[in-house]
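J.: In the order they appear, the protein sequences are chains A and B. Going letter by letter, the first sequence gives residues 16 to 126 in the numbering used here. Going letter by letter, the second sequence gives residues 4 to 117 in the numbering used here.
Calculated from the structure, these hints are not laboratory results. It is possible that part of the hints are untrue.
In silico SDA-like pairs for lysine to any residue, Cα to Cα no more than 20 Å straight-line [said to hold, decoys possible]:
| hint | chain 1 | residue 1 | chain 2 | residue 2 |
| --- | --- | --- | --- | --- |
| 1 | B | K46 | A | A23 |
| 2 | A | K122 | A | G45 |
| 3 | A | K62 | B | N35 |
| 4 | A | K62 | B | I30 |
| 5 | B | K46 | B | E4 |
| 6 | A | K83 | A | G30 |
| 7 | A | K62 | A | N86 |
| 8 | A | K59 | B | A26 |
| 9 | A | K59 | B | K78 |
| 10 | B | K46 | A | D102 |
| 11 | A | K62 | B | G29 |
| 12 | B | K78 | B | G29 |
Listed next, the stretches of chain A that the computed footprint assigns to chain B, with coverage defined by at least 3 CB atoms under 8 Å from CB atoms of chain B [claimed, not checked]:
| hint | region |
| --- | --- |
| 13 | 23 to 29 |
| 14 | 63 to 74 |
Just some of the chain A residues that point at chain B, by a computed CB distance under 8 Å [claimed, not checked]:
| hint | residue |
| --- | --- |
| 15 | Y47 |
| 16 | S51 |
| 17 | A60 |
| 18 | Y104 |
| 19 | T119 |
| 20 | G120 |
Since the model is a prediction, treat every value here as computed from it, not as a measurement. Each residue gets a CB set at the ideal place from its N, CA and C atoms; glycine is no exception.
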Amino acid sequence: QSALTQPASVSGSPGQSITISCTGTSSDVGRYDYVSWYQQHPGKAPKLMIYDVSLRPSGVSNRFSGSKSGNTASLSISGLQTEDEADYYCRSHSSSGSVYVFGTGTKVTVL
Amino acid sequence: EVHLVESGGGLVRPEESLRLSCAVSGISVGGNYMSWVRQAPGKGLEWVSFMYSGGDTYYADSVEGRFTLSRDISKNTVDLQMNSLRVDDTAVYYCARGPNWDSWGQGTLVTVSS
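Whole structure, please, built from the sequences with the hints as guidance.
T.: Structure representation (structure tokens):
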């Protein structure tokens with residue numbers, strides 16, 4: 016079961032917008048509307064930011080948004096802030112092999 | 004408020020066993036979907052196992068047949084019994100709640116080394 020493909024790093028200046036892609040296949044991202052995104056600061060547990068492609072849990076800033084097109088899901092962060100600097104992982108259900116498959120992870124740097 | 008606390012991690016040798024526990028407060032483990040997720044040092048996240056509220060369990064291929072997930076409703080805990088441990092099982096192990104993993108514990112480190 017291959018991991019979902021994410022860019023290794025994405026950077027932006029404070030106030031800018033960035034987008035992180037998560038590319039899978041027709042067996043995972045393309046098949047299910049069950050893509051989640053997690054933020055992880057160094058040494059901390061992951062935090063759910065987006066679920067079911069585009070839904071935001073209570074308490075998560077509306078600067079974070081999710082979408083999907085075909086086999087690629089995306090996480091967008093608008094109005095970039097220093098506290099957004101972290102690693103981000105996507106997750107999808109999968110019909111091939113493992114029930115869940117994770118993305119390779121993206122390090123977001125705020126310049 | 005949901006609170007998850009993992010315990011039981013440590014240093015073991017290859018082929019040894021270890022039992023992790025996740026103490027849960029704020030919800031009942033009997034009525035919730037609970038999972039274990041791990042992260043090897045410097046690496047990404049990897050799903051390990053989950054249990055539906057009805058009790059059915061599922062495992063990643065990498066741990067199938069070696070790890071067993073169970074719950075104790077009276078103690079409100081979710082346990083992960085890990086047998087025949089390998090060096091590549093070395094990781095921080097997290098428990099998480101729900102199908103979307105909306106609550107996480109702080110993690111417990113398992114190190115497998117000879």
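J.: Sort out which numbered hints this structure fails and list those numbers smallest first.
T.: 2, 5, 6, 7, 9, 13 and 15
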